[in-house]
Amino acid sequence: MNSISKAQNNSMQWRYFKQKLFFSTVRLSALIIVLTLGGIIFHIVFNGIGVISWDFITQYPTDSMTKGGIMPAIIGTLYLTVGAISVGLPLGIVSAIYLTEYAKQGKIIRIIKVGINCLAGVPSVVFGLFGLGFFVVFLKFGSSILAGSLTLGFLILPTIIGASEEALKSVPQTFREASLALGVSKWQTIFRIVLPNALPGIMTGSILGIGRAAGETAPIMFTAAAFFTSRLPGSIFDEVMALPYHIYVLATAGTNIEQTRPIQFGTVLVLVALVLGVDLIAIIIRSYMRKQKRW
158 MNSISKAQNN
168 SMQWRYFKQK
178 LFFSTVRLSA
188 LIIVLTLGGI
198 IFHIVFNGIG
208 VISWDFITQY
218 PTDSMTKGGI
228 MPAIIGTLYL
238 TVGAISVGLP
248 LGIVSAIYLT
258 EYAKQGKIIR
268 IIKVGINCLA
278 GVPSVVFGLF
288 GLGFFVVFLK
298 FGSSILAGSL
308 TLGFLILPTI
318 IGASEEALKS
328 VPQTFREASL
338 ALGVSKWQTI
348 FRIVLPNALP
358 GIMTGSILGI
368 GRAAGETAPI
378 MFTAAAFFTS
388 RLPGSIFDEV
398 MALPYHIYVL
408 ATAGTNIEQT
418 RPIQFGTVLV
428 LVALVLGVDL
438 IAIIIRSYMR
448 KQKRW
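The numbering of the sequence shown is our numbering, which starts it at 158 and goes up by one.
Treat the hints as calculated values from the structure; they're not laboratory data. None of these values were measured; they are calculated from a predicted model. Glycine included, every Cβ here is placed at the ideal spot set by N, Cα and C. Worth double-checking, as some hints may not be accurate.
Claimed, not checked - Here are the simulated DSBU-like pairs of lysine-lysine, each with C-alpha atoms no more than 30 Å apart in a straight line:
(1) K343 x K326
(2) K270 x K177
(3) K261 x K326
(4) K224 x K270
(5) K264 x K177
(6) K175 x K261
(7) K224 x K264
What the hints assert, rightly or not - Listed next, with one range per pair, are the computed distances between beta-carbon atoms:
(8) G263 x W211: 55 to 65 Å
(9) S210 x K270: 42 to 52 Å
(10) F394 x A338: 43 to 53 Å
Please take these sequences and the hints and turn them into a complete structure.
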């Protein structure tokens, strides 16, 4: 009996050690991620805060972009981000509703879902070349806000579809059955019962999409971004400056790269603040929706 108890005790101690080792590894990984992110943000703030001012936010670049502000790039980034969400969010939600609520689950649907997951991992430069070939050249939109927004919208579409699908599946099936039992049509059930309860999860996909759309350089480089423009866009068919491409230009193709180094970090800081600000608004909306959730 003593030998059995000792063996059981050793087994429990070994399991406890493995559990402790696992949680310690998880905590260490989380700590490394937080420290890395904190170090990156500190580096950006430390090097970029010195150029941040009202003039920097509201003025045009001057002297070969070595002086002045970044206002056109801020406006252009907002236009492209809003345009991308306006394209990607409705298409993503409608696609997810069809795949979840209407499509008969079979081989074709499984292939479509695999394709969507594969598209989520496609490099952004591929979407940029697609946008260049299809929207800019074939449809003759030219380098414009419209072409850039459509390209970014298709770029974030797989992310939104995936998040929307999971959000729709999380709504209990009994909600649908109860609604249909009361004589409500399938579309009204989806629109009035399923979709409102799935919106917080859908907003999660939208937040991820906003961050990616605002920070991408390759797609807009081919479809929308201008090296420099002396005026704000007057229509969706005008090209624009954008913060990601402006950073790329200052860091690689500027005439005085070292001289513009503070401006580079200042622009990065503004871009990070802009993305976090838009994400914060989306998070607040999502939190409000969760409070209004019916289950």
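**OP:** Could you say whether the range 43 to 53 Å given as a hint is met by the Cβ separation of F394 and A338?
**Re:** The hint (43 to 53 Å, Cβ to Cβ) holds, given that F394 and A338 are roughly 51 Å apart.
Original post:
Falls inside 42 to 52 Å, the C-beta gap from S210 to K270?
Top reply: Holds, at about 49 Å.
Original post:
Does K326 lie within 30 Å of K261 when you go C-alpha to C-alpha?
Top reply: With Cα atoms ~15 Å apart, K261 and K326 stay inside 30 Å; holds.
**OP:** Quickly compare the C-alpha distance for K224 and K270 to 30 Å and report which way the hint goes.
**Re:** Not satisfied, since the Cα-Cα distance of roughly 49 Å exceeds 30 Å.
**OP:** Take a quick look at whether K343 and K326 sit within 30 Å of each other, Cα to Cα.
**Re:** Distance of about 16 Å is within 30 Å: holds.
**OP:** With a cut-off of 30 Å on the C-alpha distance, tell me whether K175 and K261 pass.
**Re:** Judged against 30 Å, a Cα distance of about 45 Å means the pair is violated.
**OP:** Starting from K264, check that the Cα of K177 is at most 30 Å away, please.
**Re:** Not satisfied, since the Cα-Cα distance of roughly 43 Å exceeds 30 Å.
Original post:
Does the structure keep K270 and K177 at a Cα separation of 30 Å or less?
Top reply: The given pair, whose Cα atoms are some 38 Å apart, is violated under the 30 Å limit.
Original post:
Given a hinted range of 55 to 65 Å, is it respected by the beta-carbon distance of G263 and W211?
Top reply: Given about 59 Å between the Cβ atoms, the range holds.
Subject >> Hinted pair K224 and K264, Cα distance within 30 Å >> reply: violated, 58 Å
Checked against the numbered hints given earlier, this structure breaks hints 2, 4, 5, 6, 7; the rest are met.
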